[in-house]
Amino acid sequence: MAEIQLRNISKRWGAFVGVDNFDLTIADKEFLVLLGPSGCGKTTTMRMIAGLEDATEGDIIVDGERVNDKEPKDRDVAMVFQSYALYPNMNVYENIRFPLKVRGSDPATHHDRVMQAAERVELLDFLDRKPAALSGGQRQRVALARAIVRKPKVFLMDEPLSNLDAKLRVSTRAQIKNLSHDLAATTIYVTHDQIEAMTLADRVVVMKRGVVQQVGSPTEIYDTPANTFVASFIGSPAMNLMDGEVQGGTFRSQHTEIHGLTAPDGPVTLGFRAEDASLAAAVQGQINAPIYTLELLGDATMISVRINGALVSVKADKAFRAEIGDTVSISVPNEICHIFEATEDGKRIEG
Amino acid sequence: MSSRALRQPFALKFTSATFLAIWCIVAAFPIFWITVMSFKSPVDAFSSNPLNVVFGPSTRAGGNGLSILDILMGIVVIWITARLMTRTLPMMVAAYAPAGQKWIGWVIGSLVVAIGFLVTFFAILPAILDALNPVFGPLGRDIIGLTTEHYKTVWIDRGFSNNFKNSMIVTTGVVTVSLTVGTLAGYGLARSGSGLAFAILIIALVFRALPHSVLVAGYLPVFISSSEWLAPILGENAPTLYGKPFAVIAVLVAINQPFTIWMLRSFFQSIPAELDEAARVDGCNHFQAFRRVIMPVMWPGVITTGLFSFLLGYNDFLVTSLLLDAQNQTMVPAIAGMFSRETTTTDQVVAVAAAVSITAPLFFLVMVFQRQIVSGLTAGAVKG
Chain B
1 MAEIQLRNIS KRWGAFVGVD NFDLTIADKE FLVLLGPSGC GKTTTMRMIA
51 GLEDATEGDI IVDGERVNDK EPKDRDVAMV FQSYALYPNM NVYENIRFPL
101 KVRGSDPATH HDRVMQAAER VELLDFLDRK PAALSGGQRQ RVALARAIVR
151 KPKVFLMDEP LSNLDAKLRV STRAQIKNLS HDLAATTIYV THDQIEAMTL
201 ADRVVVMKRG VVQQVGSPTE IYDTPANTFV ASFIGSPAMN LMDGEVQGGT
251 FRSQHTEIHG LTAPDGPVTL GFRAEDASLA AAVQGQINAP IYTLELLGDA
301 TMISVRINGA LVSVKADKAF RAEIGDTVSI SVPNEICHIF EATEDGKRIE
351 G
Chain E
1 MSSRALRQPF ALKFTSATFL AIWCIVAAFP IFWITVMSFK SPVDAFSSNP
51 LNVVFGPSTR AGGNGLSILD ILMGIVVIWI TARLMTRTLP MMVAAYAPAG
101 QKWIGWVIGS LVVAIGFLVT FFAILPAILD ALNPVFGPLG RDIIGLTTEH
151 YKTVWIDRGF SNNFKNSMIV TTGVVTVSLT VGTLAGYGLA RSGSGLAFAI
201 LIIALVFRAL PHSVLVAGYL PVFISSSEWL APILGENAPT LYGKPFAVIA
251 VLVAINQPFT IWMLRSFFQS IPAELDEAAR VDGCNHFQAF RRVIMPVMWP
301 GVITTGLFSF LLGYNDFLVT SLLLDAQNQT MVPAIAGMFS RETTTTDQVV
351 AVAAAVSITA PLFFLVMVFQ RQIVSGLTAG AVKG
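The listed protein sequences correspond, in order, to chains B and E.
Using the UniProt record's numbering, you'd call the opening residue of the first sequence number 1 and step up by one each time.
Using the UniProt record's numbering, you'd call the opening residue of the second sequence number 1 and step up by one each time.
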């Protein structure tokens, strides 16, 4: 198996920067997720590792060997494409067998390996079908089987679930997690869905406009976001962020006053997670504002207020009922607060 | 089946059906008429009474005709052949041909059926009917005059088979070169993102827009003097290209190539680039990805483009008539020669028979390839 080192790789098309100075070591057998909104360079990074895109600068090192100038076929990677990219003229069996065939591995072993891969993804009933006669989920499983039939050093998955419907996404996600555990191969997984990232990853890389924002375990990323971009991207709902000013350890904003913070005086962005905060008895909480909207989620009720134009939500008991416009009091103790610089994508201020 | 929204009022249906019917008749009539003419004696063929042209009394008087029995038996044989081709043959191929080599089964099966049909239709059937016709009385009496003598004259006496052979050489050359260069160039241009690729395509379009005569005029002196300029390379035996099929192939390819490149490029563009990429990650180099993954889904495009190239070479008059000597003449200029000769009515009917003969390979091509010219071969490759 393989350790992948990405040393300061960049990708530029003319003046446009796709990926800027990406530097990371991916450990052997690690499940790494590249996460970010569309156009953030995550797929480009993966394609550079696959060899489908040339890196403008930097070195890609797999198992101590520089692979920048190698053809994709010589890098010993397997890739699952967002659009499946199955060979339409071959049936499922031939699709799965194709990598073995072109690489000239011993034909006697082909059948067993194809059957094994097909069994892993529960495709045994469809081996004679052409891709056109399969559903989206089945096609995606064929693509998975084609990737695992050979034992490659590295698995690359480019948003493999984004074309599936919500229910199938959950079951296929579980399948991928289980598969990667069994195969114990280094896996790089690209997604824009933070839930996929949280559930699958050993480590998450959050990217924006080609620049890495934060690298860390899902817990780290969730609990200590490095800046407001990560804070607003991770979690469902995303972290509440409000602009205000700190003076003498007290944060003040519209309807809001939070004491006991350790931050230098000046404008800051303060964030907290909806599930950390709670409702307080009248005027006891740190935020006292009229309800802007109230959403029933089933297991809880989400109450939102507006602070300086930004929506701030808090999770309340599912039995809580109120009218829009009623004043609520929200308890935001200082220990749940995250403080960021008051710039765009403001950095976290430790403390 | 038809939803309410798509249901049409009767008047509209009637009008469109009538229009289509008239259109078909107008379009098909000339072919039908010259086909009928070509089987009649000159007196019937040029008769002022259309019924005489169809039923051919003087052809019948000459002892050549078809009885009702002949026609019925002929239809039966054709129908059985059609059944064999569409029902029995596919089943036999599915049952007996080795998997992966179905096309061999198809080739062998089709050959067997074709030979069987020719033998039955042209040898066994006439012999049987000769014996049966006198027995059946009125049913056995000739009602339509029909003679194949003009075809014999054309193909055997006038050496049309030689023209046919030359046409095949020229068209095979044009199709082979056009498709080989066209697929490679089309694939390269479709997958290249560079600005140069676009410039090349525009230049190709400009060349396509040139009148054919310009190209012929440009090539003509080069071909006439080819023994001189080829001498340093090939020595004493350097050929004069003028008059040879090779010269025509070169010019026709020059005319045709821009078009095939454009057409194949658009077919390649409709194939998602992820397929190439998947193939390359799976272990192919560029060329293997092209050959093993892209070409198998490109057949409809290749066949369609090939058909167009074939038609260009097959129907070309200007280039072939200017560049070929008498002995390498293709069919189209040969027919033009037959028509323009100072002639008797017999010669005219012979020319008509030649004109009908030239359409036969086209029908054959369409019949063979209609199964292949199907869209949607890439269905299922990517998320639709």
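Some hints here could point you the wrong way.
What the hints assert, rightly or not - Cut-off 25 Å, straight-line C-alpha distance, at most; resulting in silico cross-link-like pairs (DMTMM-like, lysine to aspartate or glutamate):
# : chain 1 : residue 1 : chain 2 : residue 2
1 : B       : K153      : E       : E274
2 : B       : K101      : E       : E236
3 : B       : K130      : E       : E274
4 : B       : K151      : E       : E274
Calculated directly from the structure, the hints in this document are not laboratory data.
Now for the hints, and whether the structure bears them out:
1. K153(B) - E274(E): holds (21 Å)
2. K101(B) - E236(E): Not satisfied, since the Cα-Cα distance of roughly 51 Å exceeds 25 Å.
3. K130(B) - E274(E): Within the cut-off at roughly 18 Å; holds.
4. K151(B) - E274(E): Answer holds: K151(B) to E274(E) is near 22 Å, not above 25 Å.
Violated hint for the displayed structure: number 2, the only one.
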